Structures are given as structure tokens and as C-alpha cells.
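Engineer: Sequence:
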Amino acid sequence: MTMLPNKALHLWNFNVSEFLHQLEIYETLLSPEEMERANRYKFAKDRTVYILARGILRILSGRYLNQIPESIKFKYNKYGKPDYDFRTQIKFNVSHSGNLIVMAFAKTSDIGIDVEKMRNDFDVMKIAQNFFSPDEIHTLEALPEKERIHGFYTCWTRKESFIKAKGSGLSFPLTSFSVSLDINKAQLLRTAWDAAEKEKWHLFTFAPTIGYVGAISVRGDLLYLQHKQWESL
Numbered sequence: 001m002t003m004l005p006n007k008a009l010h011l012w013n014f015n016v017s018e019f020l021h022q023l024e025i026y027e028t029l030l031s032p033e034e035m036e037r038a039n040r041y042k043f044a045k046d047r048t049v050y051i052l053a054r055g056i057l058r059i060l061s062g063r064y065l066n067q068i069p070e071s072i073k074f075k076y077n078k079y080g081k082p083d084y085d086f087r088t089q090i091k092f093n094v095s096h097s098g099n100l101i102v103m104a105f106a107k108t109s110d111i112g113i114d115v116e117k118m119r120n121d122f123d124v125m126k127i128a129q130n131f132f133s134p135d136e137i138h139t140l141e142a143l144p145e146k147e148r149i150h151g152f153y154t155c156w157t158r159k160e161s162f163i164k165a166k167g168s169g170l171s172f173p174l175t176s177f178s179v180s181l182d183i184n185k186a187q188l189l190r191t192a193w194d195a196a197e198k199e200k201w202h203l204f205t206f207a208p209t210i211g212y213v214g215a216i217s218v219r220g221d222l223l224y225l226q227h228k229q230w231e232s233l
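Just so it is clear: in the sequence shown, position 32 is 32 by full-length UniProt numbering, and no numbers are missing.
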């Protein structure tokens, strides 16, 4: 059993290529509904990532909850956010991009995680104009041009993790709240709907490997981030 202290935030990183040789083992852990969804993916890589992510999620959940991985039941809200289908303090969230899968676990009411493989083949400011708040756009514009790609992804992952933690999809616009772009100080700065909202959240940024940026948003008391190491099946 894996212990999860009350104020701890556990972060797990997985390189997809390191798990390919065990894909069939992870398939056996999935529910019929999960396998049905896996088989609907058009591309083999997407199917593989989904199977590995669900299988690893079940194994880690089993360790945290002291349950058999195959027996764990999940539920989803109307926006698709997953949760355990039974009472527990533990919450989780999952993200993947490129060749990475990341997961976060904590004893909290809401948690969201996002990871992105950075690209530089698009107009950063054009995308920002559509999805960032005026404050975020101003901060991004003020950065030296060579730092804007990283600044963009720092902002994007923090916003995505917050949206995922809220669990309400895009029911409120990405432009209606602001996060910091400071690499060393992740913060929710303001929201359009509640001046006190920023006091309820803690944001964390992480760099799982070269070329990737990630962020976690957690509602509740201050947590400390622990990077966890995977032990194989």
C-alpha cells in the first residue's frame, strides 16, 4: 500500500516507450467499457496511450486505496472529469502529451493536472489573443521573444490544470481568469466570478523532462509536491 500524507501532492511521470512491452498486461486490468473505448481510437498510438494510462491509474489507485486494481469503479461528471465511484478522500487527475503520461494524487476536494510537449511552429501571440486574459497577454508580450514559447506553455498548462480541477469543462471562458507566468511562482491571480477564489487554490509547475512543461492545480490547504518513482508490475 502506498501512503498519501494529508498535505502531500504526489506526482508520477511515465514514458510510454518504457511500458510498451507490457501493453497486454495492462489491457487485462481494464474494464469492458474501457476496452471498448480503447478500441474506438483511430490511431494505434492513441489506443496504446489510453490503455497504459488507464492500467497505470488502476495500479496506483489500488496501491493508494488498498484495493484490487481491476475492481476499482470510476465515475464521470457531465463534463467528463473522472473520479472514484465510492467515498474516499483521495482525488486524482491524469494528462498526457507526446510520449509522456502524468498523474497527480492528493487528499483534496479538487485537483487537475496538465502536461504539454512544447512546439515552436505556431504564432504564440495569435493563440494567446484567443485564449488568454488581457493580463496574461500583456505579460507574455513583455517577455523577450526567445522566452515566449516557454512562457506560453507555462501559462497554458496552469490554465488547463485549473480548468480540469474545476471539473466544469469550458463552461466559463479561459479569458475569465488569470494565472502567473513566472516560472518560479505559480499562482492563480484573479477570477472574474469571485475575488476570493484565488485564495482557495495552489498551483505547481513541473518539468518532467526536456521539452515538456506541466502544471497542477489543487484546491485546499497548502500541499507539498513529491515526485514519485514507479516500481514495475
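Just so you know, these hints were derived from the structure itself, not from any lab. Don't take every hint at face value.
As the list claims (entries may be wrong) - Dumping the calculated SDA-like pairs for lysine to any residue here, alpha-carbon to alpha-carbon at most 25 Å:
id : residue 1 : residue 2
1  : Lys78     : Tyr212
2  : Lys117    : Gly80
3  : Lys166    : Arg219
4  : Lys107    : Glu199
5  : Lys7      : Lys117
6  : Lys126    : Lys228
7  : Lys75     : Asn130
8  : Lys75     : Gly169
9  : Lys45     : Lys7
10 : Lys126    : Ile68
11 : Lys228    : Glu36
12 : Lys185    : Glu231
Nothing here was measured: the structure is a model prediction, and the numbers come from that model.
Engineer: Taking the hints in turn, state whether each one holds.
Structural biologist: Hints, one by one, checked against the model:
1. Only pairs whose Cα atoms come within 25 Å are accepted, and Lys78 paired with Tyr212 is rejected, the gap being roughly 30 Å.
2. At most 25 Å may separate the alpha-carbon atoms for a hinted pair to count; Lys117 and Gly80 meet this at roughly 23 Å.
3. Our distance criterion of 25 Å between C-alpha atoms is met by Lys166 and Arg219, whose separation comes to about 9 Å.
4. A C-alpha spacing of about 18 Å is found between Lys107 and Glu199, which places the hinted pair at or below 25 Å, so the restraint holds.
5. The suggested pairing of Lys7 with Lys117 is violated, with an alpha-carbon distance near 29 Å, which exceeds 25 Å.
6. In summary, the hint linking Lys126 to Lys228 is not supported, as the alpha carbons are separated by about 37 Å, beyond the 25 Å threshold.
7. At roughly 32 Å between alpha-carbon atoms, Lys75 and Asn130 are farther apart than 25 Å, so this suggested pair is violated.
8. Restraint check for Lys75 and Gly169: satisfied, since their Cα atoms lie roughly 16 Å apart, inside the 25 Å limit.
9. Proposed proximity of Lys45 and Lys7 is contradicted: the alpha carbons are some 36 Å apart, above 25 Å.
10. Proposed proximity of Lys126 and Ile68 is contradicted: the alpha carbons are some 48 Å apart, above 25 Å.
11. Note on Lys228 and Glu36: the hinted pairing is violated, with a Cα-Cα distance of about 30 Å set against a maximum of 25 Å.
12. Under the criterion of a C-alpha separation no larger than 25 Å, the hint pairing Lys185 with Glu231 is inconsistent with the structure, at around 31 Å.
Of the numbered hints listed earlier, those contradicted by the structure are 1, 5, 6, 7, 9, 10, 11, 12.
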